[in-house]
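> Starting from the given sequences, assemble the full structure and let the hints guide the process.
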Amino acid sequence: MLLKSLITFLGICFTATIGSAGMAHAQSSLSESVLNARQQSIIPIAAFTANGNVEKLKAALAEGLQNGMTVNQIREILVQMYAYTGFPRSLTSLNTFIALLDERKAQGLEDEMGRDATPLPDTANIREIGTANQTAVIGRPASGRVYEFAPVIDTFLKEHLFGDIFSRDVLSFQERELATVSALASLPAETQLRSHLNCCLVVGWSEEQMKAFVSVLEAKVGKAEAELAEKALNAVLQSRAQTT
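Heads up: the sequence shown runs through residues -26 to -1, 1 to 218, numbered per mature numbering (1 follows the signal peptide of the UniProt record, and there is no 0).
There could be a bad hint or two in this list.
[What the hints assert, rightly or not] Keeping only pairs whose Cα atoms sit at most 30 Å apart, straight-line, the calculated BS3-like set for lysine-lysine is:
hint, residue 1, residue 2
1, K205, K30
2, K197, K32
3, K30, K197
[To be verified] Taking CB as the label site, the calculated pair distances span:
hint, residue 1, residue 2, range
4, P62, E164, 19 to 25 Å
5, N99, S146, 18 to 24 Å
6, S180, V28, 28 to 34 Å
7, N41, E164, 24 to 30 Å
8, G178, T97, 45 to 51 Å
9, E181, E86, 31 to 37 Å
10, E201, T129, 33 to 39 Å
11, S146, R114, 17 to 23 Å
12, A209, A110, 20 to 26 Å
13, T109, Q166, 16 to 22 Å
14, A80, T129, 43 to 49 Å
Please keep in mind that the hints were generated in silico from the structure rather than gathered at the bench. Cβ atoms here follow ideal geometry from the backbone N, Cα and C, with glycine treated the same way.
Below is the structure:
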């Protein structure tokens, strides 16, 4: 009787272990099928910039280079992050990247710089460009009491964030929004996370890709960040379903 009970117990444990491993593999396969390695690399880079974990950021930066990201693409993410995480986090991440590149160069590794941003014409109206970019990312013209209460924030958003930063074509709108939601999930900033998850869907990421984003966030950043992102994504998907 005791032997039979022991065999049954071991069988249950074995099944549970295999089941957990299977689920983990399924999550990994899902992520790989809808987000390529370079896209996945954006997630921990932005997340660890946001939460200030320099050690993990350094590893994420190295992985990004190994996965085919250029120096300029990674640098662009780190620069953009100051708009969402503040100058201290952005500057720390840039200095971490410089140190990593120096180490790799000393080891004889040559990293591809990649192309820089295309300069805007001298005649460009940054307000008009920023307004158009903002509308494209949000899916409609921006409006709300906050812009009436603090008109200068509307100016900063249109002319600087969506004008100066988003017009730099080193990264696509999709890549920029993926970096943004990764950072917001790690701060955390739940309300803005919901808004930008919706923006992700507006600029072309699919529902499946956003679910893969959550999976990558859990695997490479943390469970708490992934749970927050999943909660926010479910709320966004439910809201969009009700309005269509």
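> It remains to establish, for every hint, whether it holds in the given structure.
Against the structure, the hints come out as follows:
The straight-line distance between the Cα atoms of K205 and K30 is roughly 25 Å, inside the 30 Å bound, and the hint therefore holds. With a CA separation close to 20 Å, the supplied pair K197 and K32 stays within the 30 Å bound. A threshold of 30 Å between alpha carbons decides the hint, and for K30 with K197 the separation of about 15 Å falls inside it, so the pair holds. A beta carbon spacing of about 22 Å between P62 and E164 agrees with the range 19 to 25 Å that was offered as a hint.
A beta carbon spacing of about 22 Å between N99 and S146 agrees with the range 18 to 24 Å that was offered as a hint. Between S180 and V28 the Cβ separation comes to about 33 Å, which falls inside the hinted range of 28 to 34 Å. Judged by the Cβ atoms, the range 24 to 30 Å given for N41 and E164 holds: they are separated by roughly 29 Å. As the Cβ distance of G178 to T97 is approximately 29 Å, the hint placing it in 45 to 51 Å is violated.
For E181 and E86, the Cβ-Cβ distance of about 33 Å falls inside the hinted range of 31 to 37 Å, so the restraint holds. Range check, E201 to T129: Cβ separation about 36 Å, and the 33 to 39 Å hint holds. Hint check: S146 to R114, Cβ distance near 20 Å, so the stated range 17 to 23 Å holds. Between A209 and A110 the beta carbon distance is about 23 Å. The supplied range of 20 to 26 Å therefore holds.
Here the CB-CB span from T109 to Q166 is close to 18 Å, well matched to the stated 16 to 22 Å. Our hint of 43 to 49 Å for A80 and T129 holds, since their Cβ atoms are close to 44 Å apart.
Checked against the numbered hints listed earlier, the structure breaks hint 8 alone; every other hint is satisfied.
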